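**Student:** Read top to bottom, the protein sequences are chains A and B. Its first residue numbered 84, the first sequence is counted upward by one per residue in the numbering used here. Its first residue numbered 274, the second sequence is counted upward by one per residue in the numbering used here.
Hints were generated in silico from the structure; no laboratory data involved. Any given hint could be a false lead.
[Stated by the list, open to error] Partial chain B-side listing against chain A, Cβ under 8 Å, derived:
hint : residue
1    : L316
2    : L321
3    : F374
4    : G375
5    : A376
[Stated by the list, open to error] So these bits of chain B aren't anywhere near chain A, every CB distance computed over 10 Å:
hint : residue
6    : G289
7    : E290
8    : T293
9    : N304
10   : R335
11   : S341
The structure presented is a predicted model; accordingly, all values stated were derived computationally and were not measured. Note that the Cβ used here is the ideal one computed from N, Cα and C, for glycine as well.
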Amino acid sequence: SQTIHQWPATLVQPVGSPLSLECTVEGTSNPNLYWYRQAAGRGLQLLFYSVGIGQISSEVPQNLSASRPQDRQFILSSKKLLLSDSGFYLCAWSLVDTDTQYFGPGTRLTVL
Amino acid sequence: SQQGEEDPQALSIQEGENATMNCSYKTSINNLQWYRQNSGRGLVHLILIRSNEREKHSGRLRVTLDTSKKSSSLLITASRAADTASYFCACGRTGGFKTIFGAGTRLFVKA
Numbered sequence: 084s085q086t087i088h089q090w091p092a093t094l095v096q097p098v099g100s101p102l103s104l105e106c107t108v109e110g111t112s113n114p115n116l117y118w119y120r121q122a123a124g125r126g127l128q129l130l131f132y133s134v135g136i137g138q139i140s141s142e143v144p145q146n147l148s149a150s151r152p153q154d155r156q157f158i159l160s161s162k163k164l165l166l167s168d169s170g171f172y173l174c175a176w177s178l179v180d181t182d183t184q185y186f187g188p189g190t191r192l193t194v195l
Numbered sequence: 274s275q276q277g278e279e280d281p282q283a284l285s286i287q288e289g290e291n292a293t294m295n296c297s298y299k300t301s302i303n304n305l306q307w308y309r310q311n312s313g314r315g316l317v318h319l320i321l322i323r324s325n326e327r328e329k330h331s332g333r334l335r336v337t338l339d340t341s342k343k344s345s346s347l348l349i350t351a352s353r354a355a356d357t358a359s360y361f362c363a364c365g366r367t368g369g370f371k372t373i374f375g376a377g378t379r380l381f382v383k384a
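Just chain A, with the same shape it has in the complex:
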């Protein structure tokens, strides 16, 4: 069966520090991968999606970037965090050409 991992679970970082959040998927090949951000009590904002290694599409201009160095690995990064980067970050995967998404447990990021 498929499993998706995210780490860390929580993170507190100072403004201006770098960020690296990692997501890995097990049990499937060539998944579509997604990064979302969720503000408190709000819906999900799609940040990035990827259909293959090295293929990243950005949905919103922002202080973040994403990379997919391996088929089942998706990394969210920032060189310098802003206060507005605080939120709950969710990674998800789906099979190619399907819409059902499977979410990881999320990372709670607080930028102080």
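Starting from the known structure of chain A, arrange chain B on it as the hints suggest.
**Tutor:** Leaving out everything else, chain B in the frame of chain A:
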């Protein structure tokens, strides 16, 4: 403009009662999905209804889709305290890239 807007924003019911949540969207879709999110956790997929379907059941869940009104509803029958969570609708187009999630309905089931 945002697709997948849920109504109500919050709902509080007694255990055993039915809970109904609604979702409206603005443009054409291939499917509509409902997800559940427990506090501080990731989303869990509940059910997907395709644009050519009108009703779908899964256990205590019943989903309807009215494409003429661009709306969907999620009914949870005989609710339990464990159903307490936020419920999101998501409007899907094949490939998932433009799946848009609403802001969610927060359901609280009192024991």
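**Student:** List in ascending order the numbers of the hints, as given earlier, that are violated by the structure.
**Tutor:** Number 9 - this is the single hint that the structure violates.
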